[in-house]
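**Student:** What follows is each chain in one-letter form.
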Amino acid sequence: MRVISVVGFLGSGKTTTIMALARHLTSKGQRVAFLVNDAGEVQIDGTVIRAGGHEVVEIFTGCLCLMREDLYLGLADLARIDGLEWVIIEPSGMADAARLTRLLERFPRAIDPTVAARYRLQTRLSLVDAARYRLLMRSVRQLVRASIQVADLVFLNKADITEEKELSTIETDIRALMKKGAEIERVSAKNGLPVSLLDRVLLDHEA
Amino acid sequence: MKPEFQTLSRRLVIARPDSSPVEVLNTILLGVVQHLGPPVVGHAKAVARVEGGIVHASTTGVPPVVEVKTLNNPVAITDCLQLDLLCVFHGIKYKTLLHAWEEVCALLTRNGFQIDVVETTSPPERPRRMLSQTRLGIALSLFPSFVVLKPCCFIPVLGAVFGGSFSLLHIFAPLEPYRPLFMAASVGLLGCAFYRLYLRPPPFIVAENAHSVVTSHILFWVASALFVIATLAPVLFPHSF
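For the protein sequence lines, the chains are A and B, in the order given. Residue 1 is where the first sequence starts when you use this note's numbering, and the numbers rise one by one after that. Residue 1 is where the second sequence starts when you use this note's numbering, and the numbers rise one by one after that.
Hints are supplied without guarantee of correctness; some may be wrong.
Said to hold, decoys possible - Taking CB as the label site, the calculated pair distances span:
1. D18/B to G181/A: 53 to 61 Å
2. E69/A to G53/B: 33 to 41 Å
3. Q142/A to L98/B: 52 to 60 Å
4. L140/B to G181/A: 28 to 36 Å
5. R134/A to K95/B: 26 to 34 Å
6. P113/A to A15/B: 50 to 58 Å
7. N191/A to A139/B: 50 to 58 Å
8. D82/A to N111/B: 28 to 36 Å
9. A15/B to D173/A: 33 to 41 Å
10. G181/A to N111/B: 52 to 60 Å
11. R31/A to A106/B: 43 to 51 Å
12. E51/B to N191/A: 45 to 53 Å
13. R134/A to K93/B: 17 to 25 Å
14. D82/A to R110/B: 48 to 56 Å
Just so you know, these hints were derived from the structure itself, not from any lab. The C-beta atom is built at its ideal place from N, Cα and C for all residues, glycine as well.
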């Protein structure tokens with residue numbers, strides 16, 4: 001069970017991206033399930049993903065990054081599904097990506113070894129909203145920084161509606177925050193993600 | 001006061017003959033962000049279940065457009081749609097968000113829509129305020145502990161360890177006859193804190209409050225330990241009392 005965590009602030013394009021990933025995986029004949037955590041009692045993303053015909057585990061009780069037991073139980077439930085190859089985790093846009101990543105990395109140590117053996121946190125994908133980057137860095141800096149710092153791959157989303165000069169400046173800022181070996185790509189998730197990029201998300205970044 | 005996230009979620013049934021789900025979603029989401037006023041940090045999103053599929057939409061207000069998508073084959077025109085709405089914004093008051101939503105409802109009603117709120121979520125939880133109240137309760141629960149620790153030879157030892165401030169405990173000496181009342185109050189406050197921290201934590205604690213949560217847990221157990229020591233002090237240190 002290979003795991004991809006998709007982090008990013010509210011409205012950064014996480015749901016659009018994971019739906020594209022799901023379609024891509026399904027077209028390759030691979031089975032995918034989701035673990036999602038919306039910020040309220042009404043779960044919009046879960047409804048959308050389920051309507052797309054995918055299996056979903058929803059966490060209602062609180063922020064995924066703080067609900068260790070719920071997160072681990074959800075993952076363990078998914079790990080028991082026969083033939084499930086991929087799990088995509090979408091926390092709320094308010095989640096602390098650093099805290100969530102730590103929990104995901106520690107999961108194998110906290111669970112039954114047979115389940116742990118099937119689990120691999122393969123890619124940490126971060127979505128950054130280029131159109132609101134300055135605004136977000138002024139008001140929710142910590143959350144945005146954390147989501148960039150943990151990422152193996154950063155998608156600088158909404159590149160189509162952001163000026164080239166601004167994109168270059170933002171890209172330089174983000175590169176300074178990214179961990180060694182991480183990559184950044186300009187994308188427009190709503191206009192569709194190229195297959196080559198989706199394949200890069202599926203690469204084993206832990207290898 | 002540090003800005004917080006505010007969420008508003010609603011489950012509704014919206015009816016009007018020959019209405020377009022896309023138009024309804026546009027009106028609601030854009031209405032909310034426009035009434036909040038730019039620049040808003042957060043987003044509003046909604047999903048409408050109609051015959052044949054779903055229509056879902058979201059906006060951040062920057063730029064002021066709503067992205068609408070469909071799944072399966074939802075009908076373009078319907079008389080009735082079930083709609084789930086979720087708005088999450090940072091740095092505004094809940095009242096402001098609620099007012100924006102009420103303005104949108106008024107607009108829809110003026111346009112001939114009939115709105116039935118099927119389910120509305122509980123009033124907003126304010127995690128930071130709840131945690132502050134819990135920490136205040138924990139701090140107050142320590143007061144009886146000091147009352148029971150009469151000034152005696154036990155206190156100077158603590159004073160020597162912690163810097164002498166325990167000499168102030170002399171002022172609590174007249175309250176000693178009320179010790180059982182203070183102990184009961186202390187148990188009550190610690191019980192409330194335990195309930196708030198462990199049995200019914202705030203349903204949505206945003207990540208930025210995580211440090212406050214950890215601090216509150218530590219404070220709770222330190223206060224509980226101090227309370228137990230203070231309660232057992234006459235037994236543990238009989239010569240000091």
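**Student:** If you check each hint against the structure, which ones fail?
**Tutor:** Of the numbered hints, 3, 4, 8, 9 and 12 do not hold.
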